[in-house]
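Participant: What follows is each chain in one-letter form.
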Amino acid sequence: MTAPVNVTFRIRRYDPASQQPPAWEDVTIPYTHGMTVLDGLRVIKETRSATLAWRSSCRMGVCGSCGMFINGHPRLACNTQITELGTSLVTVAPLPNFDIIRDLVPDLRPMFDAHAALMPHLIRDDVQEMYEPTGEYFQTPHELEQFLQFSYCIKCGCCMAACPTMATDPAYSGPMPLAQSHRYNVDSRDGGFGTRKQVLATEKGPWKCHYAGECSQACPKGVDPARAIQLMKRQLVFDYLRLYKQPCPSKVVPKPTEMKRRADVPEAPAPTL
Amino acid sequence: MLDNKGHPNRLGVWGWLGGGTWGLERYLYTLHRLTGLGLLLYFLLHIVVTSARAFGPEAWAASMGRVSGGVFVLGEFLVFAAFAFHASNGVRLILVELGFAIGNPIEPIYPYRTSVHEQRPLALGILVLAGLVLAAGGYNFLAHLSH
Ligand code: SF4
Ligand code: SF4
Ligand code: FES
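Heads up: the sequence lines are chains A and B, in that order. By the numbering used here, the letter at position 188 of the first sequence is numbered 188, and the numbering carries on one by one without gaps. By the numbering used here, the letter at position 48 of the second sequence is numbered 48, and the numbering carries on one by one without gaps.
Be aware that a few hints might be false.
[To be verified] Listed below are the simulated DSSO-like cross-link pairs for lysine-lysine, each with C-alpha atoms no more than 30 Å apart in a straight line:
id, chain 1, residue 1, chain 2, residue 2
1, A, 155, A, 197
2, A, 197, A, 221
3, A, 155, A, 208
4, A, 204, B, 5
5, A, 45, A, 204
6, A, 208, A, 245
7, A, 197, A, 255
8, A, 45, B, 5
9, B, 5, A, 208
10, B, 5, A, 155
11, A, 245, A, 197
[As the list claims (entries may be wrong)] Label-pair ranges, simulated between beta-carbon atoms:
id, chain 1, residue 1, chain 2, residue 2, range
12, B, 37, A, 81, 38 to 44 Å
13, B, 40, A, 143, 43 to 49 Å
14, B, 40, A, 195, 34 to 40 Å
15, A, 21, B, 87, 41 to 47 Å
The set of hints was computed from the structure by calculation and includes no laboratory data. For clarity, every value in this text was computed on a predicted model and none was experimentally measured. Cβ atoms here follow ideal geometry from the backbone N, Cα and C, with glycine treated the same way.
In isolation and in its complexed conformation, chain B is listed as follows:
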């Protein structure tokens, strides 16, 4: 029986960023996680900032004042971008994880065609959808800024 425990070789977070076959879906997976964490952080900050309302209108106005202006508008746009991607990709994941759009099991004959190829049009579709939502939102942000 082997007694040495071996040298650790788990990739860690680097394994999210690269490795395997460096495929598109890996980056959708990683971006989904990062945007999810970003949105979570935003919600926590949102609760902290808006909870100022409980301490009266002045506290509310002061709190709002602290989070207005250039960098926060950019931040809000990034939150919106994260939402656009996370929501669109979430729809793809719900479909795929319920076994839709991945095709039926087939006999593997080289060159192999996998479920990843089957769902690729859906993956590209959600990227286009996220892009459209982002463009519409960006237009809205710019229009808002110019006033």
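Only chain A is shown next, with the shape it has when bound in the complex:
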């Protein structure tokens, strides 16, 4: 599309103090070269409506704060060029399937609660080694490939807003938490499948997903949660049929002792955490 002169933002506004339901507000601003939806919102906040609220931080598709419902699609506002939308009318609403806190700010807490409930972290017996490592957990490039794609998730919630199961079922954990649980289930350093299985076999698990595939199509990072969820089901079904044998979590490889630091490579800084 050729760049427009002006662009009209149709924004879904909601003020919890007003007792009024959300309503649309139109604001027209001049288009500037390279303007993203997030840039437009900033111009509106600075010049037209100081009370407009949304979340954003990195402005480069990394932090996952700026998921919004833009022209009917869940997208990252910072990652969406106005020209890419093919129209000078930009409708911006908060991500659906989450309660609205204010204007464009969705309440993502249910997503993060579901995420935490599915234990998205390494579970191993050698707790001491995890906190005070004496070496590294061994992992081959092939083992890494089994979960690398899923680890690119920035927790923006766009997949949750696109999923038709999420639209009607508040008990469903949703694509992000499930994909992140699978990311750890297939990590060769992890031994937690048996523990996570206790939750995944319940209604919090992947069973209400019937491959509408929207989560994967909507994901701005190419994470493909639908793939993770189907592979998770396969693992759970094969496990139930006793056809899946969980490999032992990988062993610790001690730090190499005979290596010498090159003089031009500085020491790593001390850990900050």
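Given chain A's structure and the hints, the job is docking chain B with the ligands onto it.
Facilitator: Below, chain B with the ligands without anything else, positioned relative to chain A:
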């Protein structure tokens, strides 16, 4: 800590009909649900109608008489169409949900290629299969009607 509960914004059944990326598989998902509910309703009616047999041949004949004729033939055809789609798509879902036809995890490089693209030929294949079953059944229905 946030104390307001927020304004509800779940899409509800509208979220089955549209949203996300408006992809083909969303509509297969929705149609699968609707045809499933339709078939369930048909089975319940079927049990009610045929249970008349327990009350003797006259009750059976009267019950059958009530469900014959134009609109019920159309209804039966719709049930058949729902079956053709639900069964074919069910095969796709069994395969996909067991992790077949969706490809292996890959490193995401823009423009992203997802499992949805991987299984698209299967999705189109089941639509063709459902169409063939439906055409064969439709021919049969028409032949039956013309007698
Ligand atoms: S899977 Fe994709 S869409 Fe979903 S939260 Fe992660 S990055 Fe966002
Ligand atoms: S594939 Fe599953 S999780 Fe993803 S949008 Fe569809 S139903 Fe939701
Ligand atoms: S502002 Fe960080 S992802 Fe958009």
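Participant: Let me make sure I understand: some of the numbered hints might not hold for this structure. Which ones are they, in numerical order?
Facilitator: 5, 7
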